[in-house]
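Given two chains presented individually in distinct reference frames, assemble the corresponding complex, making use of the accompanying hints.
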Amino acid sequence: MSGTEGVDRPDGPTYEEWVAALDRNGFYLECANGHGSLPPRRVCPECGDTDLTQRSLPGTGTVATFSEVHVAGPAFAGETPYVTAVVDFGPVRLTGVLREVAADEVAVGDEVRADVEPDGPGDRPLVVFRPA
Amino acid sequence: MTGVRVAGVGLTPFGTHEGRAGRDMFAEAALAALADAGVASEDVEHLNYGNFMGALAERQGHQAPLMVEAAGLRCAGTRYEEACASAGVAIREAVRAVRSGEADVVLAGGMERMTNLSTAEVTESLAVAADELFEVRAGVTFPGAYALMARAYFDRYGGDREDLAHVASKNHANALVNEYAQYQRAVSVEEVLDAPVVASPLGLFDACPITDGASSVVLVSESYAAEHDLDAPVAVTGTGQGGDRAALQDRADMARTPAAADAADEAYDDAGITARDVDVAEVHDCFTIAEVLAIEALGFYEPGEGIGAARRGETTRDGRLPVNLSGGLKAKGHPVGATGGSQLAEMTRLLRGDHPNSDAVPDATVGLTHNAGGTVASAVVHVLEVAE
Ligand SMILES: [Zn+2]
Chain A
3 MSGTEGVDRP
13 DGPTYEEWVA
23 ALDRNGFYLE
33 CANGHGSLPP
43 RRVCPECGDT
53 DLTQRSLPGT
63 GTVATFSEVH
73 VAGPAFAGET
83 PYVTAVVDFG
93 PVRLTGVLRE
103 VAADEVAVGD
113 EVRADVEPDG
123 PGDRPLVVFR
133 PA
Chain B
58 MTGVRVAGVG
68 LTPFGTHEGR
78 AGRDMFAEAA
88 LAALADAGVA
98 SEDVEHLNYG
108 NFMGALAERQ
118 GHQAPLMVEA
128 AGLRCAGTRY
138 EEACASAGVA
148 IREAVRAVRS
158 GEADVVLAGG
168 MERMTNLSTA
178 EVTESLAVAA
188 DELFEVRAGV
198 TFPGAYALMA
208 RAYFDRYGGD
218 REDLAHVASK
228 NHANALVNEY
238 AQYQRAVSVE
248 EVLDAPVVAS
258 PLGLFDACPI
268 TDGASSVVLV
278 SESYAAEHDL
288 DAPVAVTGTG
298 QGGDRAALQD
308 RADMARTPAA
318 ADAADEAYDD
328 AGITARDVDV
338 AEVHDCFTIA
348 EVLAIEALGF
358 YEPGEGIGAA
368 RRGETTRDGR
378 LPVNLSGGLK
388 AKGHPVGATG
398 GSQLAEMTRL
408 LRGDHPNSDA
418 VPDATVGLTH
428 NAGGTVASAV
438 VHVLEVAE
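Listed in order, the protein sequences are those of chains A and B.
For the first sequence, the residue numbers in the numbering used here are 3 to 134.
For the second sequence, the residue numbers in the numbering used here are 58 to 445.
FYI, nobody ran anything at the bench for these hints, they're computed from the structure.
Treat the hints loosely; a few may be bogus.
Covered stretches of chain A, going by a simulated chain B footprint (3 or more residues, C-beta under 8 Å) [as the list claims (entries may be wrong)]: (1) 57–68; (2) 90–103.
If the Cβ cut is set under 8 Å, some of the chain A residues that face chain B in the computed set are [as the list claims (entries may be wrong)]: (3) VAL45; (4) VAL71; (5) VAL73; (6) GLY75; (7) PRO76; (8) THR86; (9) VAL118; (10) ARG126.
Covered stretches of chain B (chain A as the covering partner; in silico rule of three or more C-beta atoms under 8 Å from a C-beta of chain A) [what the hints assert, rightly or not]: (11) 198–206; (12) 254–261; (13) 301–308.
Just so we're clear, the structure is a prediction, and the values are computed from it rather than from any experiment.
Positions of the beta carbon are idealized from the N, C-alpha and C atoms, including for glycine.
Next comes chain B alone, as it looks inside the complex (with noise of 0.2 Å):
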């Protein structure tokens, strides 16, 4: 099994791209992943791609082929679908193409395009990803669903939205530095505790912003990263991915995040790493208590002791294990099928040295990121190592 190298990353700016088709961010991404790369486009081998909502939002299925062309790629292209972990899920299966030999060059990432529709459109939009029969037809929106899981974390363990506030806030100063960020700008405890309710308890500034934005990584083997003498430092170490029931009532416990476990513990036995050797980790937090659910599930904290961790200092930039130092899902968007793409590339960047954050890491050898999609019914999570 040949390691797998991080060439290259490309980001769009997350926020709003008005007019803009959907292949033409997508593009933009991967050209810049292929430039910081150094790698030609006809050495790429297969483009794995993710995106969710695409024949929504722009009435636009079958997008792998149109992002092949677009990106002036010669090969073939599949569209991986996981709902927000869709990107998270085309990485995987690259990392798992290059490593069994098939393949020596692969760019993998998504994109999405969301604020074309208005927000009553993305809330059906992306209702979609629960369970339509016994969730959708019930009411149940995105921020309800989360909203549901938060309420059931503060009867089981405690907490209040105080707590979350502090993610929140945390998150948004992370990206104060960070010019691919959505909002560079801060927000206060106060401001996150006195913003409109969405689904209670969770409030406007609980919520992620709707987003266009894609992302690329280029992903080679080590083989081909010596022979192309490529300055590629950091290499994926560790895949893991989980599921779970679709709907939040079939769930054990509607205050913990299974899959998310299950996906942590194979690409941690994959890395042959354990929680502890984490310095600094990119999670889910497309809701607040998302952050909450995830770093407990990652095993950085115990169940009920995560919602306290940005409050007590331990997850900001100068804690002891900083999360979403790009600013996270909440302050830097969320373009659904973009997402988990963008998670690689931020955590490539603070490893390499080369994000504007880096200064909170420098020692930093270990990264992971956490890719969730819907309720966390799918997760995807992967370990990044400094290889020299």
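Only chain A is shown next, with the shape it has when bound in the complex (with noise of 0.2 Å):
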């Protein structure tokens, strides 16, 4: 039930393409003042600029925040508990699911690279961070 298809800006990277990348060379928007964004866009939501250029995202991040999740709604009630972060990633912050760490060895602070499962619950792409 996505409903993104078809409506980014055609010269511009999609969500998919986004998530895709994740595992390769993943990236960010950036305006011409340095603020960063992701996909679709075509406006930097900072400051209105249009003018938006891929960057590569930074090779690590730190997590920002984090929850261990024990209820879920359908897609991810198969995966429970599982730990959700937000990661600081220089301009921009991801969110996804924090592998390979359990949740009392998680910390604000810690290192973590991105990366993406590909049949993540709902057989959709998941952003999943793993201990740089």
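Given below as structure tokens:
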């Protein structure tokens, strides 16, 4: 039930292209004023600039916050408990599921790298983080 | 610009209304509000109706005309959707319509039916209020999102689960006498701490329940109130709305809710008051941490200071600023699309003196309601004052 296909700006990356690239050459979008954002996007949400350039995502990020989720919706029901985290990658933050680390071993500030699991819950690509 | 009076309020009990259609619940609240107001249904010029997940819960979109019909009105209606702030926006637009002179009588409120879904389905339906691409697909649930905010808050300002447990315990204590509340039972700090984890650091009793219910308020112009000799001592003197980025990851600070601060600033300016003037508040405590974030954004506390307010007894019923005397979303329940209307209804009763907890604030003349959508990507604040 994705409703986003076909509405991306024709010359810019789609959300799907962005996720698919996370395991090789992850990227974000940067405006002329240095603000970071993620696709699909036509305009910098900070300043309104429409000249957005693809930039490489930093190789590692740091955990900004996290939670071990025990009650999930149907798509993630078979995954519980899992750790969801928001991770700082310099100009942008990413949200995903933390792999290969137990919840009681995580701390704010931990260093991780972004990856993608192509067949996540609901068979949709899932953003994941692994210890750096 | 004409003043706006709350002529009447109506609520269904909040809780489980097994088998009852949403339209029936809304009709109950609307008829109660009209009766309380002493306003004839044919005088209502528009229905401003809030609902969030009806298309998922009852497979019913386009609800406004259905609700007009169910409430026996003879006017047009519009549905407002702003997640859990749906009724808040519906009321704000009603206030603006009356102020502008466009209407003299508007019925506003909302309804949500939730308990007919499984917990997993409700979790999924509520998650729709978050960013689908960058949060929902990553497994962020509604409790999970507030848990991310709670962790960010603890990391930035300190505080712990026990501080939050005092918020839950306080609000349950307030709900004991509220006949409309879903949980009229006390919950101790220990019980909150011992409850199963929903999304760490939040447990089951840090979260509001899954609730069915409806709310209505009749808003009228001052001239209509005078002409019809209505007993309507409470005025809506301030309204404000704020917005923020949908996804937590895109916010400058995950431990603050600037949308609520913006809404409050606008409402305070509108009413010509400051945070200091507020005697009593109903805030959007869908999770215990949400109340903490609210009382800071509303200017009652500096960032980092709100976490201990309940524990210190400052926001309790005998404190200097009682918060959520209704029991809050936490104990009163949170039928999402109805919540903003119930806050206005409860505050009106508190200020009129006919709420079971009015005795906690016998001299209150200024009340505030704060209704938030999603993880406060939207927020609506209203100031209510005793006008006569
Ligand atoms: Zn920019």
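Status of each hint after checking the structure:
1. 57–68: holds (count 3)
2. 90–103: It holds, with 6 qualifying residues against the three required.
3. VAL45: violated (13 Å)
4. VAL71: holds (5 Å)
5. VAL73: Hint holds; A/VAL73 Cβ to chain B Cβ min 5 Å, cut 8 Å.
6. GLY75: Cβ of A/GLY75 sits 3 Å from chain B, so the hint holds.
7. PRO76: holds (5 Å)
8. THR86: With a closest approach of 5 Å, the A/THR86 hint holds.
9. VAL118: With a closest approach of 11 Å, the A/VAL118 hint is violated.
10. ARG126: OK, holds: A/ARG126 within 8 Å of chain B, min 6 Å.
11. 198–206: holds (count 6)
12. 254–261: Our answer is that it holds, as 6 residues pass the Cβ test (under 8 Å) against chain A, meeting three.
13. 301–308: holds (count 5)
Violated hints, in rising order: 3, 9; the structure is consistent with all others.
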